[in-house]
Amino acid sequence: MPELPEVETIKRGLEKHFVGCVISDAEVLSPKILTGDVGNVIGTTVVAVRRFGKGLVIDLNNGYSMAVHVKMTGQLIFKRVSRVSGVSSVLPKHTHVVFELRDGTGEDAYLYYNDIRRFGWIKIVKTEDVGQMPFFKSLGLEPLKDLTQKKFEDILKLHKTPIKTLLMDQYKIAGIGNIYACDALFQAGIYPVRSSLSLSRQEAQRLFIAIEEILSKSIAIGGASANNYVNALGERGAYQEHFLVYKKEGKACRNCNSPILRIKTAGRSTFFCGICQV
DNA sequence: GGCTTTGTTTTATA
DNA sequence: GTATAAAACAAAGC
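Quick note: the first sequence uses the working numbering, first residue 4, plus one each step.
Treat the hints as calculated values from the structure; they're not laboratory data.
Hints should not be assumed to be uniformly reliable.
[What the hints assert, rightly or not] Taking lysine-lysine and the PhoX-like style, the derived pairs with C-alpha atoms no more than 25 angstroms apart in a straight line are:
(1) K82 x K35
(2) K154 x K129
(3) K19 x K129
(4) K140 x K74
(5) K96 x K74
(6) K220 x K14
(7) K148 x K35
(8) K254 x K74
(9) K129 x K153
(10) K154 x K140
(11) K153 x K14
(12) K250 x K220
(13) K220 x K74
(14) K96 x K35
(15) K74 x K126
(16) K74 x K14
(17) K19 x K74
(18) K160 x K35
(19) K153 x K140
(20) K129 x K140
(21) K140 x K126
(22) K14 x K129
(23) K154 x K220
(24) K82 x K19
(25) K140 x K14
(26) K82 x K96
(27) K148 x K160
(28) K126 x K19
(29) K140 x K35
(30) K148 x K19
(31) K153 x K163
(32) K267 x K254
(33) K74 x K160
(34) K126 x K82
(35) K35 x K19
(36) K74 x K250
(37) K140 x K82
[Stated by the list, open to error] Now the in silico label distances, taken between C-beta atoms and shown as ranges:
(38) E244 x D157: 29 to 39 angstroms
(39) S201 x A255: 21 to 31 angstroms
(40) G134 x Q205: 30 to 40 angstroms
On a predicted model such as this, the values are computed, not experimentally measured, just so you know.
The C-beta atom is built at its ideal place from N, Cα and C for all residues, glycine as well.
Whenever a hint applies, use it, and build me the whole structure from the sequences.
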């Protein structure tokens, strides 16, 4: 379930360790996950890592990029290990792509793409074409960059869909998933099923601030590892220890002690306090 | 072995 | 025609 803070954490890890590496070889164990010509990455140097919503773009020095979406259970893991022959013989069960790297330190390294459910993807495309890909093309505003309180209010006014559904709509605002939608609505004291245009200016303001604060806080502590999320070095984050309502069904609300409830909105589990969120 | 998981994509409906 | 809801989809774990 990596959302914006988790993907941002992966991005920062890759910037630190993966950028500058030469990709000396690549082994694709699950062809359905990696599309495009893998030959276009071999021999190139990684020059940049960019994040758009929950998506990552790894730019190479030959005009090509790898666009990556980890969906629910994907992991990108950088590891320095002794060079071994027959890479695939020693890999964990759910590794689907292996990049062999020369990182200039004289040591050898690999970047692994692991994915238990195999919902994620890696697409090798020309850098200039990334913006035309369906996922990246119509992404909404970045909560911590482009989104301002004014723009947020404008978006809310345009739609009557439940506010939680709107927050999770990647084409309106990019990067928020179930965890941060639930927790931000709790912090703002807003009932998740409320129509977005029914929010008062004060409520919209509280929600905007809650989104900014919660996303920033989670990034600062490495994201949420409620499931199998780990960063680019395989380390867990800590935000799961700070969940306000997410996955807290039946637990006492931190404000009023009444039990946290769980309902389904747009087919997704939604956690909230029936007293504090109106 | 059916149910659950969830972000994205596609289809159906109002 | 457009906005929104619902269903489908990917695959594995329990």
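Here is what the structure says about each hint:
1. K82 x K35: Given that 25 angstroms is the threshold and the Cα spacing comes to 24 angstroms, the pair holds.
2. K154 x K129: Between K154 and K129 the Cα gap is close to 32 angstroms, so the pair fails against 25 angstroms, i.e. violated.
3. K19 x K129: holds (23 angstroms)
4. K140 x K74: holds (17 angstroms)
5. K96 x K74: Measuring from Cα to Cα gives roughly 18 angstroms; hence the hint holds.
6. K220 x K14: holds (17 angstroms)
7. K148 x K35: Violated, at about 33 angstroms.
8. K254 x K74: Between K254 and K74 the Cα gap is close to 28 angstroms, so the pair fails against 25 angstroms, i.e. violated.
9. K129 x K153: Measuring from Cα to Cα gives roughly 35 angstroms; hence the hint is violated.
10. K154 x K140: Given pair K154, K140 holds - Cα atoms ~19 angstroms apart, limit 25 angstroms.
11. K153 x K14: violated (28 angstroms)
12. K250 x K220: holds (18 angstroms)
13. K220 x K74: Holds, at roughly 22 angstroms.
14. K96 x K35: holds (16 angstroms)
15. K74 x K126: Since the Cα atoms of K74 and K126 sit roughly 14 angstroms apart, the hinted pair holds (cutoff 25 angstroms).
16. K74 x K14: Judged against 25 angstroms, a Cα distance of about 15 angstroms means the pair holds.
17. K19 x K74: holds (23 angstroms)
18. K160 x K35: violated (41 angstroms)
19. K153 x K140: holds (23 angstroms)
20. K129 x K140: With a Cα-Cα distance of about 15 angstroms, the restraint between K129 and K140 holds, given a limit of 25 angstroms.
21. K140 x K126: Given pair K140, K126 holds - Cα atoms ~15 angstroms apart, limit 25 angstroms.
22. K14 x K129: Holds: K14 and K129 sit about 20 angstroms apart, inside 25 angstroms.
23. K154 x K220: With a Cα-Cα distance of about 22 angstroms, the restraint between K154 and K220 holds, given a limit of 25 angstroms.
24. K82 x K19: At roughly 12 angstroms apart (the allowed maximum being 25 angstroms), K19 and K82 satisfy the hint.
25. K140 x K14: holds (20 angstroms)
26. K82 x K96: Roughly 17 angstroms separates the two Cα atoms, so the pair holds.
27. K148 x K160: Holds, because 21 angstroms separates the two Cα atoms, which is no more than 25 angstroms.
28. K126 x K19: With a Cα-Cα distance of about 22 angstroms, the restraint between K126 and K19 holds, given a limit of 25 angstroms.
29. K140 x K35: Roughly 22 angstroms between the alpha carbons, so the hint for K140 and K35 holds.
30. K148 x K19: Distance ~21 angstroms between K148 and K19 Cα, so the pair holds.
31. K153 x K163: Roughly 18 angstroms separates the two Cα atoms, so the pair holds.
32. K267 x K254: Measuring from Cα to Cα gives roughly 18 angstroms; hence the hint holds.
33. K74 x K160: Violated: K74 and K160 sit about 29 angstroms apart, past 25 angstroms.
34. K126 x K82: Judged against 25 angstroms, a Cα distance of about 22 angstroms means the pair holds.
35. K35 x K19: This hinted pair is violated, its Cα atoms lying about 29 angstroms apart.
36. K74 x K250: OK: K74 and K250 at ~19 angstroms, within 25 angstroms.
37. K140 x K82: violated (32 angstroms)
38. E244 x D157: 29 to 39 angstroms: The hint (29 to 39 angstroms, Cβ to Cβ) holds, given that E244 and D157 are roughly 35 angstroms apart.
39. S201 x A255: 21 to 31 angstroms: holds (28 angstroms)
40. G134 x Q205: 30 to 40 angstroms: Given about 37 angstroms between the Cβ atoms, the range holds.
When the structure is compared with the earlier hints, violations turn up for hints 2, 7, 8, 9, 11, 18, 33, 35, 37 and for no others.
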